[in-house]
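Chains as they are written, first to last, in my numbering: chain H, 1 to 99; chain E, 1001 to 1102; chain G, 2001 to 2320; chain Z, 3001 to 3092.
None of these hints come from the bench; they were simulated from the model. Fair warning: there could be bad hints in the mix.
[As the list claims (entries may be wrong)] Now the in silico label distances, taken between C-beta atoms and shown as ranges: (1) W97/H - L2126/G: 33 to 41 Å; (2) P95/H - S2175/G: 16 to 24 Å; (3) R92/H - F2248/G: 48 to 56 Å; (4) R1093/E - R92/H: 37 to 45 Å; (5) T2/H - A2120/G: 41 to 49 Å; (6) G1092/E - R2285/G: 22 to 30 Å; (7) S1002/E - P95/H: 49 to 57 Å; (8) L2167/G - P3083/Z: 46 to 54 Å; (9) L3003/Z - S2175/G: 51 to 59 Å; (10) P95/H - T2082/G: 55 to 63 Å; (11) M3001/Z - L1083/E: 36 to 44 Å; (12) A2028/G - G3017/Z: 30 to 38 Å; (13) G3017/Z - W97/H: 21 to 29 Å.
Virtual Cβ for every residue (Gly too), placed ideally from N, Cα, C.
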Amino acid sequence: MTPSDYAASVLLSVGAIFFLAGTVGLVRFPDVYTRLHALTKSDNVGLGFVITGLAVQSGSWFVVGKLLLIWVLVLAAGASVAHLIANGAARRGIPTWTR
Amino acid sequence: MSPAHFFALVGVGLFCIGLYALIVRAHLLRKILAINVMGSGVFLVLAALAKRTGSAAPDPVPHAMVITGIVVAVAATAFALVLMLRLVAETGRAELPDERIE
Amino acid sequence: MDALTLLPWIFDGVTGLALLLLASWALASPRLFTGIVMFVAFGLMMSIAWVRLDAPDIALAEVAIGAGLTGALLLAALARLTAAQAAQESASQSAKRKRTLRLFQWAPALLLAMVAAGLAYAVQSLPPDSAGLSADVAANIARSGVSNPVTAVLLNFRGYDTLLEILVLLLALISVWTLGGLSPQRTVPPGPVLDVLTRVLTPVLLLLSAYLLWVGARSPGGAFQAAAVLAAAGVLLLLAGWRPQPRFTGIPLRLVLVAGPVLFLAFSLVTIATGRNLMEYPPPRAGVLIFLLEAAATLSIGVTLVALFLGERPPDKEGQ
Amino acid sequence: MQLLNLTLALVLLLTLGGGMWRALRGPTPADRLLAVQVFGTTAVAVLLLLSQALGNAALRDVAMVFALLAAVTAVAFVQRAWPEEEVDHDAE
């Protein structure tokens, strides 16, 4: 394995851990706002790490560009949807969790 | 058993689940969902059987048919949904009326 | 068995199991909304199954339609039902039908178990290896004008399928328009975030649609996938509160709707009149002809799908 | 590397189980929709991993369509299907 392979393995595994963490948060967190918080972790950071790892693996700049484009699109769509849902939930008076 | 046969069996399962729900569920929106699940099952059988080519590329003819089918299914779903909404507007109920056999 | 052969098997097994579970929940959940959500998730899982079956063309179509259009269609229809109508299902199934249902739920279940067993037996008894028509397609692909076999089948070898399909889509739209108006829909002002999202996503979607149309000649993509992405752009615009101006919804809209069907019909008439088979392309110009037909079909199918989502005839200049 | 990519794709596929549980459980419609969003993002990652592992470049196009269209269902929900008053709590 070359150094870049090691780097890719680490990056991909870290990404998968963020996805796992996001899923645990989605299952365990107590209200819709905190679950949104967990969801955006897998959206932004998890997918970001996976895409960085895949970019290191791939040998062509064209593929790197396409991967980055996919990430930017997921970021834009994910952030906007998270805002829309949180805003709608707040407007409908869905209560926030308090200890 | 090969992956092709496995997915074909899953397709058979989907078809039967959809057919069962089509019979026992009353709400028309649910029946529309059921028909869509049945269609997906049929598509899965078609595309799975196209992959019985070993390591070569799968048969493209069923693939083309499935793509055609998916687009027709979404158009039919849109039409069915509008039909359902018209029925609701006329009768106020989202179910088919009980048939009375005199 | 080493890990590299075992892993795909586990992957396929999990995918198949998830498909069956999601389908059952989509149809058995007590609430319609949950059912629709499960159905959308089911569509997403189907696209992974297509990828595992080496069918990226189908995966593209399923993603564009399953993730974009069907979910939006079903949710918009659900929104037009009042709370009472959406809940009717549980109410009517409770009191008066309960006894008869319990009896009759077993009969179809038993019957369907037999159907399932018969179909499973039929599938199992098929030969494990069958090349189907792939050899014929491979032998003629050089003359088809495109190098993606699925596009070659859709537009060239079985072009009449596509011709009939776009006529079916047009027929569906005419039927929807004939049914007349629907109850007015609740419209929410889009707000700044959705406004910006729509402004950013619409051009990207149009670009992606054009890319899929262009790339369909040699790799997965093509008219249907491009049309579905185009329709998603239109649906997004409609959801954000955009409505076409009345001066575009009369003759111009109808011209766009029939452009694909008319071009396909004209081409088939020309091929018959010049003594060829129906939709038989002259090999030297096949690539260009296929692209032109696909472009017209993309436009017409995309706009037809958007019009189907709208659900009623948009008001035009004469105020009809 | 192929082995790692396939393993991670399988792990991500299994995390979808959590999303399914949340979609079934609710309690609000927003929670169920969140679960579908997770499905979308995870499927993008799975497709990209498979694309690299199987050497199929077309799967990146599928992932791109996924990334763009996952938002449409969510927008349809927020703009149309979300009831104004919050009544959809599961009776538990």
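Evaluated hints:
1. W97/H - L2126/G: 33 to 41 Å: Given a distance of about 54 Å, which is not inside 33 to 41 Å, the answer is violated.
2. P95/H - S2175/G: 16 to 24 Å: violated (46 Å)
3. R92/H - F2248/G: 48 to 56 Å: violated (36 Å)
4. R1093/E - R92/H: 37 to 45 Å: Violated - the Cβ-Cβ distance for R1093/E and R92/H, about 28 Å, lies outside 37 to 45 Å.
5. T2/H - A2120/G: 41 to 49 Å: holds (48 Å)
6. G1092/E - R2285/G: 22 to 30 Å: At 58 Å between Cβs, range violated.
7. S1002/E - P95/H: 49 to 57 Å: Cβ of S1002/E to Cβ of P95/H: about 52 Å, so the range 49 to 57 Å holds.
8. L2167/G - P3083/Z: 46 to 54 Å: Given a distance of about 39 Å, which is not inside 46 to 54 Å, the answer is violated.
9. L3003/Z - S2175/G: 51 to 59 Å: The hinted range 51 to 59 Å holds for L3003/Z and S2175/G, with Cβ atoms some 52 Å apart.
10. P95/H - T2082/G: 55 to 63 Å: violated (26 Å)
11. M3001/Z - L1083/E: 36 to 44 Å: violated (52 Å)
12. A2028/G - G3017/Z: 30 to 38 Å: With a Cβ separation near 18 Å, A2028/G and G3017/Z fall outside 30 to 38 Å, so the hint is violated.
13. G3017/Z - W97/H: 21 to 29 Å: The hint (21 to 29 Å, Cβ to Cβ) holds, given that G3017/Z and W97/H are roughly 24 Å apart.
The structure does not agree with the numbered hints 1, 2, 3, 4, 6, 8, 10, 11, 12 stated previously, though it agrees with the rest.
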